[in-house]
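Counting along the sequence shown from 1, when you hit position 128 you're at 129 in my numbering, and nothing is skipped either side.
Hints are computed from structural coordinates only; laboratory data are not their basis. In this text, all values refer to a predicted model and were calculated from it rather than measured experimentally. Among the clues, some could well be false.
What the hints assert, rightly or not - Derived Cβ-Cβ restraints for the label pairs, each shown as a range:
1) D82 to K111: 18 to 24 Å
2) R87 to Q56: 41 to 47 Å
3) L135 to T21: 21 to 27 Å
4) Q60 to G85: 36 to 42 Å
5) S55 to D75: 17 to 23 Å
6) E69 to L28: 24 to 30 Å
7) L28 to G64: 30 to 36 Å
8) L29 to D67: 28 to 34 Å
9) H136 to E17: 28 to 34 Å
10) S55 to N31: 49 to 55 Å
11) H142 to A79: 26 to 32 Å
What the hints assert, rightly or not - DSS-like, lysine-lysine: derived pairs with alpha carbons at most 27 Å apart:
12) K80 to K95
13) K80 to K111
14) K111 to K78
15) K78 to K95
16) K111 to K95
Think of the CB as a built atom: it goes at the ideal place given N, C-alpha and C, for glycine as much as any other residue.
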Amino acid sequence: MYERILVATDGSELSELAVTAGIELALLMNAELVAVKVVHHYPSGYFEGSLLLSQMEVQHMQGQADAEAQRVVDAVKAKADARGVRSTRAVVMKSELVSEAIIEAARVHKSDLIVMASHGRRGISRLLMGSETLHVLTHSHTPVLVLR
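Hey, can you work out the whole structure from these sequences and the hints?
And the structure:
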């Protein structure tokens, strides 16, 4: 039914549910797996409170975020490979909009399904913090499996 499954992760304990489900589903369907982590793209200048960060400091922060993201998707790939998933890709994307990057990754990698977790925020916290999962659900043309 599915040939390529994209699993979105942020490295959190909750997203591990999505990773595990994505791997199990890939095994069940004999599908490929694409593990995606989105890193916020830092601007060239940045105010941290009342401190202005230099270009060098911003580049250092971006480098750390990129390395951590790569570590997260590499761990997913290693876990999937150890379980015998037929083909796994580890993808790090840079974007200011996490949900849009996930949708774009699904399109670029020709994924049949997006698997992701939801924090299940309700009320004012969802309104204030937004929901990346909700945005993916409402804007993606690819089916989405949400785990809570």
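Tested hints:
1. Range check, D82 to K111: about 21 Å between beta-carbon atoms, so the 18 to 24 Å window is met.
2. Distance hint for R87 and Q56: a CB-CB separation of about 43 Å, consistent with the stated range 41 to 47 Å.
3. For the pair L135 and T21, the beta carbons lie near 22 Å from each other, so the given range of 21 to 27 Å is met.
4. Distance hint check for Q60 and G85: the Cβ-Cβ separation is about 39 Å, which falls inside the suggested range of 36 to 42 Å.
5. At about 30 Å, the beta-carbon gap between S55 and D75 misses the expected band of 17 to 23 Å.
6. Checking the proposed 24 to 30 Å range against E69 and L28 shows it holds: the Cβ atoms sit about 27 Å from each other.
7. Evaluation of the 30 to 36 Å hint for L28 and G64 yields a pass: the beta carbon distance comes to about 35 Å.
8. At about 32 Å, the CB distance of L29 to D67 agrees with the hint of 28 to 34 Å.
9. Distance hint check for H136 and E17: the Cβ-Cβ separation is about 21 Å, which falls outside the suggested range of 28 to 34 Å.
10. Range check, S55 to N31: about 50 Å between beta-carbon atoms, so the 49 to 55 Å window is met.
11. A hinted range of 26 to 32 Å for the beta carbons of H142 and A79 is consistent with their spacing of about 30 Å.
12. Distance restraint check for K80 and K95: the Cα-Cα separation of roughly 23 Å lies within the 27 Å cut-off, and the hinted pair is therefore satisfied.
13. For the proposed pair K80 and K111, the alpha carbon gap of about 22 Å is at most 27 Å, so the pair holds.
14. Note on K111 and K78: the hinted pairing holds, with a Cα-Cα distance of about 18 Å set against a maximum of 27 Å.
15. For the given pair, K78 sits about 19 Å from K95 by alpha-carbon distance, which is consistent with the 27 Å threshold.
16. The straight-line distance between the Cα atoms of K111 and K95 is roughly 19 Å, inside the 27 Å bound, and the hint therefore holds.
The structure does not agree with the numbered hints 5 and 9 stated previously, though it agrees with the rest.
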